[in-house]
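There are 2 protein chains.
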Amino acid sequence: MLKDFETKKRENKTALNDEIRQLQAQLLSQQQLLMKAKIPVVVLIEGWAAAGKGMLIKELISELDPRFYHVESPKVLPETEERYPFLYQYMKAVPVNGKVTFLDSGWMESAIRKYLRHEISKDEYRRRIRQVNEFERQLRDGGYIILKIFLHVGKQVQFERLFQLVEDHSTEWRVDNDDLWQQKEYKRFLEAYDEFMDKTGDIAGWHILDGSRHKTATRDALRLLVQRIDRALQEGRYEGVTSEEDFPLKEMPKLAEVDLSPVIDNDEYKKELKKLQSRIGELHNIFYRKKIPVILCFEGWDAAGKGGDIRRLTYALDPRGFDVHPIASPQPAEANRHYLWRFWTRLPKTGHICIFDRTWYGRVMVERIEGLCSENEWRRAYHEINEFERMLTEWGAVVLKFWLHIDQDVQLERFTLRENTPEKQWKITDEDWRNREKWNDYEIAVDEMLSKTSTKNAPWHIIESNDKKYARIKTLRIIVKALEKANEKHFQKTIGS
Amino acid sequence: MLKDFETKKRENKTALNDEIRQLQAQLLSQQQLLMKAKIPVVVLIEGWAAAGKGMLIKELISELDPRFYHVESPKVLPETEERYPFLYQYMKAVPVNGKVTFLDSGWMESAIRKYLRHEISKDEYRRRIRQVNEFERQLRDGGYIILKIFLHVGKQVQFERLFQLVEDHSTEWRVDNDDLWQQKEYKRFLEAYDEFMDKTGDIAGWHILDGSRHKTATRDALRLLVQRIDRALQEGRYEGVTSEEDFPLKEMPKLAEVDLSPVIDNDEYKKELKKLQSRIGELHNIFYRKKIPVILCFEGWDAAGKGGDIRRLTYALDPRGFDVHPIASPQPAEANRHYLWRFWTRLPKTGHICIFDRTWYGRVMVERIEGLCSENEWRRAYHEINEFERMLTEWGAVVLKFWLHIDQDVQLERFTLRENTPEKQWKITDEDWRNREKWNDYEIAVDEMLSKTSTKNAPWHIIESNDKKYARIKTLRIIVKALEKANEKHFQKTIGS
Chain U
419 MLKDFETKKR ENKTALNDEI RQLQAQLLSQ QQLLMKAKIP VVVLIEGWAA
469 AGKGMLIKEL ISELDPRFYH VESPKVLPET EERYPFLYQY MKAVPVNGKV
519 TFLDSGWMES AIRKYLRHEI SKDEYRRRIR QVNEFERQLR DGGYIILKIF
569 LHVGKQVQFE RLFQLVEDHS TEWRVDNDDL WQQKEYKRFL EAYDEFMDKT
619 GDIAGWHILD GSRHKTATRD ALRLLVQRID RALQEGRYEG VTSEEDFPLK
669 EMPKLAEVDL SPVIDNDEYK KELKKLQSRI GELHNIFYRK KIPVILCFEG
719 WDAAGKGGDI RRLTYALDPR GFDVHPIASP QPAEANRHYL WRFWTRLPKT
769 GHICIFDRTW YGRVMVERIE GLCSENEWRR AYHEINEFER MLTEWGAVVL
819 KFWLHIDQDV QLERFTLREN TPEKQWKITD EDWRNREKWN DYEIAVDEML
869 SKTSTKNAPW HIIESNDKKY ARIKTLRIIV KALEKANEKH FQKTIGS
Chain V
419 MLKDFETKKR ENKTALNDEI RQLQAQLLSQ QQLLMKAKIP VVVLIEGWAA
469 AGKGMLIKEL ISELDPRFYH VESPKVLPET EERYPFLYQY MKAVPVNGKV
519 TFLDSGWMES AIRKYLRHEI SKDEYRRRIR QVNEFERQLR DGGYIILKIF
569 LHVGKQVQFE RLFQLVEDHS TEWRVDNDDL WQQKEYKRFL EAYDEFMDKT
619 GDIAGWHILD GSRHKTATRD ALRLLVQRID RALQEGRYEG VTSEEDFPLK
669 EMPKLAEVDL SPVIDNDEYK KELKKLQSRI GELHNIFYRK KIPVILCFEG
719 WDAAGKGGDI RRLTYALDPR GFDVHPIASP QPAEANRHYL WRFWTRLPKT
769 GHICIFDRTW YGRVMVERIE GLCSENEWRR AYHEINEFER MLTEWGAVVL
819 KFWLHIDQDV QLERFTLREN TPEKQWKITD EDWRNREKWN DYEIAVDEML
869 SKTSTKNAPW HIIESNDKKY ARIKTLRIIV KALEKANEKH FQKTIGS
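Chains U and V, in that order, are what the protein sequence lines are. If you want the working numbering, it's the 1-based position in the first sequence plus 418. If you want the working numbering, it's the 1-based position in the second sequence plus 418.
Incorrect hints may have been included.
Because identical chains cannot be distinguished in the list, a pair is counted as satisfied if it fits within a single copy or across any two copies.
Stated by the list, open to error - Computed list of lysine-lysine pairs in PhoX-like fashion (alpha-carbon distance at most 25 angstroms, straight line):
id : residue 1 : residue 2
1  : 510       : 767
2  : 886       : 692
3  : 693       : 887
4  : 709       : 845
5  : 456       : 845
6  : 903       : 709
7  : 431       : 692
8  : 540       : 688
9  : 476       : 709
10 : 573       : 870
11 : 874       : 899
12 : 692       : 476
13 : 633       : 688
14 : 476       : 431
15 : 842       : 856
16 : 907       : 845
17 : 605       : 532
18 : 476       : 887
Please keep in mind that the hints were generated in silico from the structure rather than gathered at the bench. Keep in mind that this is a model prediction, so the values were computed, not measured.
Assemble the whole structure, with the sequences as input and the hints as a guide.
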């Protein structure tokens with residue numbers, strides 16, 4: 419593929435410059451149309467060191483309004499970014515509807531360098547390739563245009579360019595050891611690039627451009643971008659359909675079948691609470707030290723006791739090592755991006771615990787029921803969420819999901835109590851009452867959610883919450899048990915490696 | 419101050435616990451009132467290593483709703499954070515109106531450690547103390563409650579606690595070399611803490627609590643917080659008045675006096691543009707290498723040509739090393755914080771160039787004229803902005819500010835052209851026409867702004883822009899000259915040190 423590449427005829431320089439200017443003007447005129455059509459664009463520019471990626475991006479943006487695009491250069495990751503999942507920084511960089519993000523190298527370079535440096539195993543590398551395909555499909559299905567360009571130069575051209583850069587004192591700093599290493603290992607990189615492109619071309623195809631001829635490459639990249647946008651403007655924003663894959667699922671009971679009678683005696687509650695909190699505090703220490711991230715997801719009926727549950731939990735934790743993310747309706751910057759964006763960007767660092775008070779499951783509950791997304795969208799979400807959570811557990815996170823379950827009578831009791839207690843009134847709103855009227859719709863949605871997303875790696879736990887104290891103890895017990903198991907597994911892995 | 423401290427009588431344990439629970443409940447009930455009153459709160463917990471800061475914060479938040487507060491633990495800064503101004507991370511952490519941020523150590527610890535480690539000079543340390551006072555005053559004047567607590571333990575108590583932590587394998591990791599070094603250098607720290615508190619107590623006073631007695635300290639901290647919030651709820655959100663300080667100012671002409679006739683010949687324009695762009699490209703390289711940050715601010719009449727100016731500039735830059743920030747009306751998360759927050763959080767890393775297409779000067783122009791802030795607020799802003807920009811230049815940034823000036827006839831011409839050219843129509847809105855009607859109000863505001871904020875370190879440059887090409891060349895020339903001068907100064911400093 420790459421090898422047969424360096425055979426392209428010359429072109430008239432003036433004609434080329436004219437065409438470039440014309441294409442830049444076209445791109446400029448597409449700006450407003452993209453905004454109107456609310457189509458976001460990700461342009462990924464990969465390629466060899468010194469192939470001219472930066473120069474190319476400069477030409478692509480030269481006529482555009484800065485309000486319209488953003489350039490990301492994730493070449494060097496600070497240590498903190500290394501403490502997030504592989505694709506975190508790229509998800510973080512996706513634009514809002516109608517805008518463009520240019521990535522000056524991205525997930526291809528990042529995965530390949532780590533692999534060739536033996537910093538990740540062959541298995542992990544394969545997983546990352548799969549994650550890239552899932553990532554691209556999710557973005558595409560969510561309406562994103564993804565244009566992928568590979569800027570190619572031969573070994574000799576790269577050598578000459580690196581040499582020239584290093585010779586000039588003012589540009590020497592641009593060449594790092596990685597670049598020199600790539601020149602030395604040119605053949606290994608060539609094979610890796612070829613393989614990567616081969617395995618990640620299905621969702622968004624790769625376009626190889628000749629980096630040794632800057633003007634031609636610029637023209638070709640502009641053509642590709644303008645044509646791709648034109649097509650999208652004609653066809654309208656793409657909406658993916660459901661894709662099915664067999665995730666190994668745990669059998670879940672229907673909500674109606676859940677026995678809500680369990681209670682706990684107050685003395686036992688106090689004793690157990692203290693014991694469990696103390697154990698969680700110890701485990702938090704261990705997980706912090708071993709850099710294992712933990713993601714705890716709380717969903718449940720209004721007034722089921724999520725807040726109280728979470729408080730009993732956080733009381734046991736060191737405030738330096740956890741965050742609670744209450745999830746309400748999305749802010750504009752969130753609503754105008756992929757629906758999982760606001761959760762990706764809230765992921766914990768390795769070693770931290772992050773607690774979601776409501777989660778991405780809003781997609782298949784409130785958004786489904788209130789018609790805030792299309793049927794296609796929420797149907798697609800089960801699978802996308804399973805992929806998202808698999809990615810999290812593959813990254814090393816412990817993911818636990820709790821459904822706090824109560825019956826309608828208990829909810830009514832608690833609502834009424836809230837209304838009649840001045841300092842609790844803020845907790846009850848008209849919306850809660852409206853949601854209550856839709857209990858049956860919610861029950862159908864929750865049953866479907868539990869049955870379709872209780873994967874082996876990130877299972878749901880139904881917490882019987884008619885008795886709040888029972889619920890708290892059960893939640894904490896599940897957390898303790900899961901963390902102890904994960905700690906053992908981590909030890910096994912340490913021995914194994 | 420600290421030395422006379424360790425003399426407090428015992429208290430009945432049960433009574434203490436009761437009071438703590440009661441205060442926690444009070445704090446909980448203040449939550450909603452704070453939200454309604456839109457008063458944001460910053461609680462800074464400083465103190466010795468192992469004094470129990472984390473434990474204290476845990477007690478303060480234990481009854482609160484997670485939606486209401488956030489805990490920041492900026493103990494260890496990743497390298498990237500080091501590449502921003504000293505107070506950057508703390509400004510980033512300030513809460514939105516009605517919410518609370520707890521800082522688990524903050525600007526005191528950060529400044530003192532660097533100073534005692536000789537990583538910053540005595541002069542720089544003094545500057546930081548001044549910046550802290552400015553920072554606290556600006557927050558207070560902007561309606562923030564600032565509560566500052568110092569958790570004190572004697573040398574022996576610290577020794578015992580560190581020893582205990584290190585002895586226990588599961589807590590050993592919590593003690594870092596810095597902590598041990600602090601124990602060793604206890605006396606130097608003691609003096610530094612005393613001096614720092616002495617010099618930063620005017621805006622928000624320090625409260626020293628006894629860290630050796632956890633319960634008492636918890637009670638005292640809760641009391642302080644509850645009382646402080648109560649007072650604020652009674653008095654209402656604080657609004658600062660103008661404070662005056664003599665900044666050395668450059669004399670600026672009135673806009674009406676500016677001669678707008680300068681033009682440039684097209685051939686000369688092309689030649690100069692090429693030359694200047696090439697030079698800026700070189701300088702960008704140098705600044706990137708030397709890690710000098712550059713902040714370029716563009717303001718001007720609608721249709722004065724900011725976008726075109728910026729594009730000619732960015733074309734010369736490497737996309738990896740700059741960002742353009744178009745400033746529109748603030749998003750909710752921005753509007754609900756200190757008005758400078760959205761600019762602080764967009765500051766460039768050292769070595770990067772950041773271009774603001776409209777700036778913080780919106781405060782004294784559009785916000786003043788449209789009544790989006792109070793008179794007190796915009797009058798105070800001149801001084802606050804001068805402080806902000808002084809902080810930026812003290813950090814090492816080159817700050818340049820451009821006012822693109824045209825006359826009303828030229829604006830009308832350009833507006834009309836935009837309306838009649840389909841691909842330019844998006845650039846002209848009803849708001850532009852409405853602003854045009856307020857030309858005189860704006861002229862008064864701009865004249866005042868130019869005269870009050872053209873400091874020696876961050877001067878304004880009026881760019882005559884009736885001829886767009888002339889304007890572009892003049893802008894680029896000023897940038898080149900300023901960068902060359904800054905580069906020389908940087909070299910002098912390097913020799914000097």
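Within, between, both or neither: residue 874, residue 899 at alpha-carbon 25 angstroms:
So residue 874 and residue 899 pass the 25 angstroms test inside one copy only (15 angstroms; across, 64 angstroms).
Indicate which option fits the pair residue 573, residue 870 if close means a Cα-Cα distance not exceeding 25 angstroms: within, between, both or neither.
Neither. Shortest intra-copy (50 angstroms) and inter-copy (58 angstroms) distances fail the 25 angstroms Cα cut-off.
Is it within, between, both or neither when you check residue 903 against residue 709 at 25 angstroms Cα-Cα?
within (15 angstroms within a copy, 47 angstroms between copies)
For the identical chains here, do residue 431 and residue 692 meet the 25 angstroms Cα criterion within one copy, between copies, both, or neither?
The answer is between: 19 angstroms across copies meets 25 angstroms, while 78 angstroms in one copy does not.
Status of residue 887 relative to residue 476 across identical chains (alpha carbons, at most 25 angstroms)
Between copies, since 21 angstroms is at most 25 angstroms while 61 angstroms is not.
At most 25 angstroms between C-alpha atoms: does residue 456 with residue 845 qualify within a copy, between copies, both, or neither?
Classified as between: cross-chain Cα gap 18 angstroms, same-chain 36 angstroms, threshold 25 angstroms.
Intra- versus inter-copy proximity for residue 532 and residue 605 (alpha-carbon distance at most 25 angstroms)
within (16 angstroms within a copy, 47 angstroms between copies)
Can you tell me if residue 633 and residue 688 fall within 25 angstroms by alpha carbon in one copy, between copies, both or neither?
between (74 angstroms within a copy, 21 angstroms between copies)
Alpha-carbon proximity between residue 540 and residue 688, which holds within one copy, between copies, both or neither at 25 angstroms
Classified as neither; 49 angstroms inside a copy, 54 angstroms across copies.
Homo-oligomer pair classification [residue 476, residue 692; C-alpha up to 25 angstroms]:
between (60 angstroms within a copy, 16 angstroms between copies)
Residue 510 and residue 767: within-copy, between-copy, both or neither at 25 angstroms Cα
Both ways: residue 510 and residue 767 sit 14 angstroms apart in one copy and 18 angstroms across, limit 25 angstroms.
Using 25 angstroms as the alpha-carbon threshold, which applies to residue 842 and residue 856: within, between, both, or neither?
Close inside one copy (23 angstroms), not across copies (49 angstroms); limit 25 angstroms.
Hint compliance for this structure: hints 4, 8, 10, 16 are broken, all remaining hints hold.
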